[in-house]
Amino acid sequence: MIHDATNQFDFSSLHLGSPTALAGGSFYTKLNYTVKDEPLYVYTPTCLTKGVSKGYLDFLFTSANPNFIQWMNALEERVQTLLFEKKDQWFVGDDMELEDIQNAFIPLVKVKGDQYMVRGILQGKHFKETIQVYNENEVPIPITDIQENSKIISILDIAGIKFNQKCFQVMIHVRQIMVLKKDTFTNCLIKHKVKEKPEVKIDVLETITLKTPNEVYRTALEKARAMEEEAERAKSIAEELRITYDLEE
0 MIHDATNQFD
10 FSSLHLGSPT
20 ALAGGSFYTK
30 LNYTVKDEPL
40 YVYTPTCLTK
50 GVSKGYLDFL
60 FTSANPNFIQ
70 WMNALEERVQ
80 TLLFEKKDQW
90 FVGDDMELED
100 IQNAFIPLVK
110 VKGDQYMVRG
120 ILQGKHFKET
130 IQVYNENEVP
140 IPITDIQENS
150 KIISILDIAG
160 IKFNQKCFQV
170 MIHVRQIMVL
180 KKDTFTNCLI
190 KHKVKEKPEV
200 KIDVLETITL
210 KTPNEVYRTA
220 LEKARAMEEE
230 AERAKSIAEE
240 LRITYDLEE
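In terms of numbering that gives the first Met the number 0, the sequence shown opens at residue 0 and continues consecutively.
Calculated from the structure, these hints are not laboratory results. Wrong hints could be hidden among the right ones.
30 Å max Cα-Cα, derived DSBU-like pairs, lysine-lysine [what the hints assert, rightly or not]:
no., residue 1, residue 2
1, K161, K53
2, K85, K161
3, K86, K35
4, K49, K86
5, K165, K109
6, K49, K165
7, K85, K181
8, K111, K181
9, K49, K222
10, K150, K180
11, K85, K35
12, K150, K109
13, K86, K165
14, K35, K111
15, K86, K53
16, K86, K29
17, K161, K234
18, K109, K181
19, K29, K181
20, K85, K165
21, K53, K165
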């Protein structure tokens, strides 16, 4: 099961496996989930990366990812508590306090300016699996396609805790990565175009001839005379109808 980093996650279901000895005096304890000892897989939100470096991949988050950052901090607190509960069985001496573990604990989230960095292991002595990398179309791509400031989503395996007399470190393995396309709108795509005025070709315009005042007067006079004649004809027809049908005026 792959979990989302939300406040609904049951941290009380986490427990530690029996420690095994490593070279150099260190020990390793597996972090298990539920009584079935399931691995702890979690999705990252969309984030940037510093690129692949020496078997590691640094994930860069911002204040826009509060749920994931809070989840990682809560995980760190839970792991510290689990280690403290094992102090009598795993550590020499009876004077160890929770604060001692906290002070020797390598933070899961490192704050750098306005960025929050989480480091994931791509490959190492105890983790030699090939990382699966895909593009947005779920097509496999080489890990070399991951560059500085690549936008990615990943599945992390919170595998366990490596510890010695000096420090405690949560081992985070990267299981899968999806490389996303860069935003189309990172640059201004608006092109301002000056609206061109239509060209007026004077040589194709029709010539407009204005009438003289005398011509205007004569035209109006002719129209008036025509209307007067029409009125006389209408009056004559009306008079004939009156006489024919003996109508009163």
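Hint-by-hint comparison with the structure:
This hinted pair checks out: K161 and K53 have alpha carbons roughly 19 Å apart, not beyond 30 Å. Taken as a hint, the K85 and K161 pair is honoured in the structure, with Cα atoms around 14 Å apart against an allowance of 30 Å. The straight-line distance between the Cα atoms of K86 and K35 is roughly 24 Å, inside the 30 Å bound, and the hint therefore holds. For a cut-off of 30 Å, the pair hint linking K49 to K86 is broken: about 37 Å separates their Cα positions.
About 19 Å separates the Cα atoms of K165 and K109, which keeps this hinted pair within 30 Å; it holds. Taken as a hint, the K49 and K165 pair is honoured in the structure, with Cα atoms around 28 Å apart against an allowance of 30 Å. About 46 Å separates the Cα atoms of K85 and K181, which puts this hinted pair outside 30 Å; it is violated. Distance restraint check for K111 and K181: the Cα-Cα separation of roughly 23 Å lies within the 30 Å cut-off, and the hinted pair is therefore satisfied.
For the hint linking K49 to K222, the alpha-carbon distance of about 92 Å lies beyond 30 Å, and the restraint is violated. Distance restraint check for K150 and K180: the Cα-Cα separation of roughly 7 Å lies within the 30 Å cut-off, and the hinted pair is therefore satisfied. Proximity of K85 to K35 is assessed by CA-CA distance (about 20 Å); at most 30 Å being required, the pair is judged to hold. Proximity of K150 to K109 is assessed by CA-CA distance (about 19 Å); at most 30 Å being required, the pair is judged to hold.
The hinted pair formed by K86 and K165 meets the criterion: a straight-line CA distance of about 15 Å does not exceed 30 Å. Between the alpha carbons of K35 and K111 the distance comes to roughly 37 Å, so the proposed pair goes past 30 Å and is violated. Among the hinted pairs, K86 with K53 is inconsistent with the structure: their alpha-carbon atoms are about 34 Å apart, more than 30 Å. Straight-line distance between C-alpha atoms of K86 and K29 comes to about 16 Å, which keeps the hinted pair within the 30 Å bound.
With a C-alpha separation of about 122 Å, the suggested pairing of K161 with K234 is violated against the 30 Å cut-off. At roughly 25 Å between alpha-carbon atoms, K109 and K181 fall within 30 Å of each other, so this suggested pair holds. Restraint check: the Cα-Cα separation between K29 and K181 comes to about 37 Å, which exceeds 30 Å; the hinted pair is violated. Distance check on the hinted pair: K85 and K165 sit about 17 Å apart at the alpha-carbon level, within 30 Å; holds.
Annotation: proposed proximity of K53 to K165 holds, straight-line Cα distance about 24 Å (limit 30 Å).
Hint check: violations occur at hints 4, 7, 9, 14, 15, 17 and 19; the rest are consistent with the structure.
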